[in-house]
Amino acid sequence: MNLLYQNRSLAFSQKVFEQLLLAYPAAHRAEYGADMAQLFRDQCRDAWSEARHFGLVKLWLRVLPDLLKTCLREQFSNLNPAKSMSNKISNLFSSPTAVFFKVFVAVFLLVVIASIAITFILPESYASTTRILVQPDSNDGQNILATVTNNVISYDPYFVQTTLEIIQSEVVLSKVITRLNLNVTWGKKYFAGQTLKTTETMDILKNQLLLAPVLDTKLISITVYDDDPKEAAQIANAIAESYRDYRAEMRAQLVESSLANLQTMYQLEEKQIEQSEAGLEAMRQKYDISDDASASPTEYLSQLNEPIIISQQHFEQMKAQLDNLKQLNKDQLRDALPTVFPDVTYNGLLNKLNEARQEYATLTNNPSSASTRATDIKSLVAELNQQIDDRADGIMAGLNTQVAAKHADLEALKVRTQQTKDKMPEIKPFWD
Amino acid sequence: MAKQKIDPESLLPLTPAVFHVLLALAGGERHGYAIMQEVAQSTDGQIKMGPGTLYGTVKRLLAAQLIEESDARPDPHLDDERRRYYRLTGIGEQVVKAEAQRYAEIVKLARGKNLIGKPA
Numbered sequence: 001m002n003l004l005y006q007n008r009s010l011a012f013s014q015k016v017f018e019q020l021l022l023a024y025p026a027a028h029r030a031e032y033g034a035d036m037a038q039l040f041r042d043q044c045r046d047a048w049s050e051a052r053h054f055g056l057v058k059l060w061l062r063v064l065p066d067l068l069k070t071c072l073r074e075q076f077s078n079l080n081p082a083k084s085m086s087n088k089i090s091n092l093f094s095s096p097t098a099v100f101f102k103v104f105v106a107v108f109l110l111v112v113i114a115s116i117a118i119t120f121i122l123p124e125s126y127a128s129t130t131r132i133l134v135q136p137d138s139n140d141g142q143n144i145l146a147t148v149t150n151n152v153i154s155y156d157p158y159f160v161q162t163t164l165e166i167i168q169s170e171v172v173l174s175k176v177i178t179r180l181n182l183n184v185t186w187g188k189k190y191f192a193g194q195t196l197k198t199t200e201t202m203d204i205l206k207n208q209l210l211l212a213p214v215l216d217t218k219l220i221s222i223t224v225y226d227d228d229p230k231e232a233a234q235i236a237n238a239i240a241e242s243y244r245d246y247r248a249e250m251r252a253q254l255v256e257s258s259l260a261n262l263q264t265m266y267q268l269e270e271k272q273i274e275q276s277e278a279g280l281e282a283m284r285q286k287y288d289i290s291d292d293a294s295a296s297p298t299e300y301l302s303q304l305n306e307p308i309i310i311s312q313q314h315f316e317q318m319k320a321q322l323d324n325l326k327q328l329n330k331d332q333l334r335d336a337l338p339t340v341f342p343d344v345t346y347n348g349l350l351n352k353l354n355e356a357r358q359e360y361a362t363l364t365n366n367p368s369s370a371s372t373r374a375t376d377i378k379s380l381v382a383e384l385n386q387q388i389d390d391r392a393d394g395i396m397a398g399l400n401t402q403v404a405a406k407h408a409d410l411e412a413l414k415v416r417t418q419q420t421k422d423k424m425p426e427i428k429p430f431w432d
Numbered sequence: 001m002a003k004q005k006i007d008p009e010s011l012l013p014l015t016p017a018v019f020h021v022l023l024a025l026a027g028g029e030r031h032g033y034a035i036m037q038e039v040a041q042s043t044d045g046q047i048k049m050g051p052g053t054l055y056g057t058v059k060r061l062l063a064a065q066l067i068e069e070s071d072a073r074p075d076p077h078l079d080d081e082r083r084r085y086y087r088l089t090g091i092g093e094q095v096v097k098a099e100a101q102r103y104a105e106i107v108k109l110a111r112g113k114n115l116i117g118k119p120a
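Chains as they are written, first to last, in my numbering: chain A, 1 to 432; chain B, 1 to 120.
One chain only, chain A, in its complex shape (with noise of 0.2 angstroms):
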């Protein structure tokens, strides 16, 4: 069916032609004439495949003025093949004058009649051209984070070419077959209604077709000939579209690959960190470490002593106030203990001892009063005064008793730490 529809062009390009060879003498047309015209048809094929109805004018421009040449060359040959050309040429214009014009004549009426067909009988062709910019995708996540960020991706010599191989096979082209419903169009146009099949669209479009990549340049040209002008520029831009379709799917799918990667990446990763938070996490208990993020191994030495260093102070504080109340006589200690060691029933003793001693004097200074009462007083007075004594020796006893605890905190406080610091060595890497 794609032979049919090129030799529309073809057939009548190759009849002209026959037609032109009754121009050259019987001999040389008898002897080469086939030869000639399976010449001029294979000459005819490729330009056809160069570039269709376009490519056959630029071979009639190129044959028409050589069949001339020739023509006029083995017409002066044949007149008198043992003479010299001078001698042809001489013979031309004596007595076979009407030969020459008789080749004059016909060949150039066949060349008037060639461009005259070839002008107003061939089907008119329109080429319409777009062009795309293409540029390679990446087959792996990182590439295709490149492409995003329009970094450069490593050179692929042969991606021009498998562009062009891409634009011209059935995963491009049979959307454009879809898209425009050429099955049913050129059915109508060229083989009297009867739709098409895919494949045999597919044929012509592909003759109708020329790819080039534009030079020095990431553009390829997409060439379309057809015989409507706004048939050819539908096509050319359904094709530009139906491969831009091709690429986006091309890259959405990758992207989707690359991204399930990376999220499979992402995972196993997740999975080490929790593997790696457990471990710490164990070791901390073992050794007994800070969950403190934010904690330095200086700033952690230091929290290990801070505990030793305020319980120092406060022993030292209490020892030092145990020693100045020890120092201190009876007198003084009554009035030191109160403040330095608050204690209800020793300032009640106090009290109570200033009130009979407060009570004793009004007697005394009163001599009315009854002896019997300043007596009793009096001895109150002294029996406060033991109980109070004997509170104060408890006291400073409970006192020694609570320097001596603290002491031996404070001891036992440095050895644990000590302990600690012992095993530090060992997770002293996880700092480093």
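There may be inaccurate statements among the hints.
To be verified - Derived coverage of chain B by chain A (criterion: at least 3 residues anywhere in the stretch with Cβ under 8 angstroms from a Cβ of chain A; other residues may be distant):
#, stretch
1, 31-40
2, 54-65
3, 82-95
Because the hints were derived from the structure by calculation, they are not lab data. Ideal Cβ placement from N, Cα and C applies to all residues, glycine included.
Based on these hints, arrange chain B on the given structure of chain A.
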């Protein structure tokens, strides 16, 4: 009648069309289309011989006995029986060699006068 011995030098210089056809056939037997393709390829498409020029040249080369028609078909499976194959004759080979030598001397002369660069 014994064949007249032809002096290759007497046929020089050759026309470009003749020289290119002989050069194409120096690579082996070829039919007309293959000769045309070989010439176009070897000249980077600058010379595309038309049917008239090609078969006119072939006719003259046959008459001058520089080429001859070959009966052997190079590839029977792929061959088109309608095509005629041609090959160089002994004298044809001498002529094309002589012409190539003549061109080589011209190139050497031009190079000596710095008209063209030395080959890479």
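* **Check of the stretch 82-95 of chain B against chain A for coverage (Cβ-Cβ below 8 angstroms, three residues minimum)** => This one holds; 3 residues, not fewer than the three required, reach chain A with a Cβ under 8 angstroms.
* Quick check: the stretch 54-65 of chain B, covered by chain A? Criterion 3+ residues, Cβ under 8 angstroms. -> holds (count 5)
* **Proximity test - 8 angstroms, beta-carbon atoms, the stretch 31-40 of chain B to chain A, at least three hits** => holds (count 3)
When the structure is compared with the earlier hints, no violation turns up for any of them.
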